[in-house]
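Protein sequence lines correspond, in order, to chains A and B. Residues in the first sequence are numbered from 4 upward in steps of one, following the working numbering. Residues in the second sequence are numbered from 55 upward in steps of one, following the working numbering.
Hints were generated in silico from the structure; no laboratory data involved. Positions of the beta carbon are idealized from the N, C-alpha and C atoms, including for glycine. Please note that a few of the clues may not be correct.
Partial list, computed: chain A residues near chain B (C-beta under 7 angstroms) [said to hold, decoys possible]:
no. : residue
1   : PRO147
2   : ILE158
3   : GLY161
4   : VAL254
5   : ASN297
Quick look at which bits of chain A chain B covers, simulated, 3 or more residues with Cβ under 8 angstroms [unchecked claim]:
no. : stretch
6   : 238 to 251
7   : 286 to 295
Label pairs and their calculated CB-CB ranges [to be verified]:
no. : chain 1 : residue 1 : chain 2 : residue 2 : range
8   : B       : PRO177    : A       : MET228    : 30 to 40 angstroms
9   : B       : LEU60     : A       : VAL163    : 35 to 45 angstroms
10  : B       : ARG302    : A       : ASP203    : 46 to 56 angstroms
11  : A       : VAL163    : B       : LEU126    : 29 to 39 angstroms
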Amino acid sequence: MALAQGLARLMRRAAGSDVFHSFRSSRVTVVAAIVTALIFLASFGAPLIAIQNPFDPANLDLSVAMRPPVFWGGDWDFPLGTDDQGRDMYSAILYGTRLSLVVGFASVIVAMTIGIVLGLVSGYVGGTIDAFIMRAADVQLTFPAFLIALTLDGIARGLVKSDLHDEIALFVIISSLGLSYWPQYARTVRSSVMVERTKDYVAAARIIGVRSWRILWRHILPNAMGPVLVIATINLAVAIITEATLSFLGVGMPPTQPSLGTLIRIGNDYLSSGDLWITVSPGIMLAVLVLAVNLLGDWLRDALNPKLR
Amino acid sequence: MIAFLLRRLFQAAIVMLTVALISFVLFNYVGDPINAMVGQDTSLQDREKLRQELGLNDPVHERFARFVGNALQGKFGLSYRTAEPVGRMIMERLPATLELSFVAAMFTLLVGIPMGVYSGLYPRHWFSRVLQTVSLIGISLPTFLVGIIFILTFAVLPKTCQHGLVIAGVTLIDCDFVNWFALPAFGRGDVVNLGVWTTGFLTGAGLKALILPSITLGLFQLTLIMRLVRAEMLEVLRADYIKFARARGLKNRSINFGHALKNTLVPVITVTGLQVGQLIAFAIITETVFSWPGVGQLFVQSVYSADIPVMSAYLCLIALLFVAINLAVDLLYYAVDPRLRTAQAATRAA
Numbered sequence: 004m005a006l007a008q009g010l011a012r013l014m015r016r017a018a019g020s021d022v023f024h025s026f027r028s029s030r031v032t033v034v035a036a037i038v039t040a041l042i043f044l045a046s047f048g049a050p051l052i053a054i055q056n057p058f059d060p061a062n063l064d065l066s067v068a069m070r071p072p073v074f075w076g077g078d079w080d081f082p083l084g085t086d087d088q089g090r091d092m093y094s095a096i097l098y099g100t101r102l103s104l105v106v107g108f109a110s111v112i113v114a115m116t117i118g119i120v121l122g123l124v125s126g127y128v129g130g131t132i133d134a135f136i137m138r139a140a141d142v143q144l145t146f147p148a149f150l151i152a153l154t155l156d157g158i159a160r161g162l163v164k165s166d167l168h169d170e171i172a173l174f175v176i177i178s179s180l181g182l183s184y185w186p187q188y189a190r191t192v193r194s195s196v197m198v199e200r201t202k203d204y205v206a207a208a209r210i211i212g213v214r215s216w217r218i219l220w221r222h223i224l225p226n227a228m229g230p231v232l233v234i235a236t237i238n239l240a241v242a243i244i245t246e247a248t249l250s251f252l253g254v255g256m257p258p259t260q261p262s263l264g265t266l267i268r269i270g271n272d273y274l275s276s277g278d279l280w281i282t283v284s285p286g287i288m289l290a291v292l293v294l295a296v297n298l299l300g301d302w303l304r305d306a307l308n309p310k311l312r
Numbered sequence: 055m056i057a058f059l060l061r062r063l064f065q066a067a068i069v070m071l072t073v074a075l076i077s078f079v080l081f082n083y084v085g086d087p088i089n090a091m092v093g094q095d096t097s098l099q100d101r102e103k104l105r106q107e108l109g110l111n112d113p114v115h116e117r118f119a120r121f122v123g124n125a126l127q128g129k130f131g132l133s134y135r136t137a138e139p140v141g142r143m144i145m146e147r148l149p150a151t152l153e154l155s156f157v158a159a160m161f162t163l164l165v166g167i168p169m170g171v172y173s174g175l176y177p178r179h180w181f182s183r184v185l186q187t188v189s190l191i192g193i194s195l196p197t198f199l200v201g202i203i204f205i206l207t208f209a210v211l212p213k214t215c216q217h218g219l220v221i222a223g224v225t226l227i228d229c230d231f232v233n234w235f236a237l238p239a240f241g242r243g244d245v246v247n248l249g250v251w252t253t254g255f256l257t258g259a260g261l262k263a264l265i266l267p268s269i270t271l272g273l274f275q276l277t278l279i280m281r282l283v284r285a286e287m288l289e290v291l292r293a294d295y296i297k298f299a300r301a302r303g304l305k306n307r308s309i310n311f312g313h314a315l316k317n318t319l320v321p322v323i324t325v326t327g328l329q330v331g332q333l334i335a336f337a338i339i340t341e342t343v344f345s346w347p348g349v350g351q352l353f354v355q356s357v358y359s360a361d362i363p364v365m366s367a368y369l370c371l372i373a374l375l376f377v378a379i380n381l382a383v384d385l386l387y388y389a390v391d392p393r394l395r396t397a398q399a400a401t402r403a404a
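Sequences and hints are given; from them, build the entire structure.
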């Protein structure tokens, strides 16, 4: 009961806030939010609304391979056609989108965690540790994150046998994406920490004997989270794009567990023969997803940035 | 100035050494170089002997010094995949990547700056709004998807032409004409071999083959430059010296281009320089989409087959390019912006 009341109070507070007002007054953002929500629902409800499980090899049937979609002269058995293995494209796209979203969120969380911890330590402790972490971030920021993720994937391939690699591909790609995006979080958190640590409330906490890690975690971090969340939203779109790109290049998710990028890669081989649907429908899905998330990220950045108000 | 240059050079050397160290670690600890060189039936003694001969049992710092020495001479050993010398493999493919990146960079600047200036001068014009929206889409679309869309539109669809454009029995556009416009989407076309360099600039087919890949590669940077120039123009045009120039009755053209554009170029130079590095990295994707025989494609193949020597050589090469470009941009920035020089003179005086 108390929980429900609290939730209701929170909702009322959210509905009356500046952020919600700026959300409602931007029509593009509302549309983007609706589209994103629909994609989330469809992809995470995939087992309920999909025709088949595209990850199950038992569902591959070569006799129905390369069927065109309905609007291309196909039939309703496979509304968006099938790929070269006889996999239903509609189901594959739903599951593929889910995979893309999982990789996107998980890698953002990994990057955020590494970045926050290193940023907190760097900004609070200072000295040699700070210099070391920040130089590492500098060196890494010299290169595009995409290149670093690609290299990390290659290293993983060197360390693990190739048949095993397909099984752990999901973890490899999440960790390589996570490891390539941490510097921007670390830098942001560090600069916030350096501002916050000189403030009176931190001095007061220290005087009454609060331990360092508790000051960092409970007092400083909440004040540094605003910009981190903005970076995370924009980062989500980038992570989804990067995952799709890696999969498209053939070094991301394997064809047995296709993400959107893998599906586009499969279809790319049939592009010049005119069988466009294998590429086009996952391509449209990816473009819409990334555009919607980007628009939300842009809006959030403007809404949370007091300078622009 | 000298102190500034030295500090930058020092930082560059640190970055290069870090990358060399990473490459070295990869080279030595990911996969066994001996396994890659000998067959299954080689005995343990023979392996140990080879290890000794190759100096793989030497202390780590000696091996690292040797690695750096060899790298400086462009020696990165043999590829695990093709058993060719890595240095030669990369040198063979470098011209393709550099030509592609160069054309893409030119496209970015020659189209992006005018677009940015236009939408900065007339921000409320409908065409500027169209440019803004299109550029948002350009930033959102992944490069490989842009490439696929281009291939579909300019290479695949023209080939499906059967009747051309026929209205009321009159053929307005026939298929020969459509096909004349179709662009190649695979490979470099005809290239001329100039000894150490192969170029696609000297043949019609080579130039035509450059069009789609370079536009694909440059599109993201184009939108970035356009948005940057627009934002800078909007800001500069509000400055007092522009108002003063207008009050003096200078011609619009001289204000817009002589005063405003000139002052927006400083950040544009920085960003362009940094983007050249991005271009070379993103060439990995474009090259794969268009089967362009460059170093990026080679890198993807190496990642796929865990060909560590090629990977580490490519990383060193890219690091060198990035560091060189960053250095050049810093110096250019310093040369273009007089405020930097005076700021430093001021700190020295104080």
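Comparing the hints with the structure gives:
Hint status for PRO147/A relative to chain B: holds, with the closest Cβ pair at about 4 angstroms, below 7 angstroms. With a cut of 7 angstroms, the hint placing ILE158/A at the interface with chain B holds, because the nearest CB-to-CB distance is about 6 angstroms. With a least beta-carbon distance of about 4 angstroms to chain B, the hint placing GLY161/A at the interface is held under the 7 angstroms criterion. The beta carbon of VAL254/A is positioned within 7 angstroms of a beta carbon in chain B (closest approach about 5 angstroms), and the interface hint is therefore held.
Using the Cβ-Cβ criterion of 7 angstroms, the hint placing ASN297/A at the interface with chain B is satisfied: the shortest such distance is roughly 5 angstroms. Against chain B, the stretch 238 to 251 of chain A contributes 5 residues with a C-beta closer than 8 angstroms to a partner C-beta. That satisfies the three-residue criterion, and the hint holds. Given a C-beta distance limit of less than 8 angstroms, the hint that chain B covers the stretch 286 to 295 of chain A holds, as 5 residues qualify and 3 suffice. Distance hint for PRO177/B and MET228/A: a CB-CB separation of about 34 angstroms, consistent with the stated range 30 to 40 angstroms.
At roughly 44 angstroms, the beta carbons of LEU60/B and VAL163/A sit within the given window of 35 to 45 angstroms. Checking the proposed 46 to 56 angstroms range against ARG302/B and ASP203/A shows it holds: the Cβ atoms sit about 52 angstroms from each other. A beta carbon spacing of about 32 angstroms between VAL163/A and LEU126/B agrees with the range 29 to 39 angstroms that was offered as a hint.
Of the numbered hints stated above, none is contradicted by the structure.
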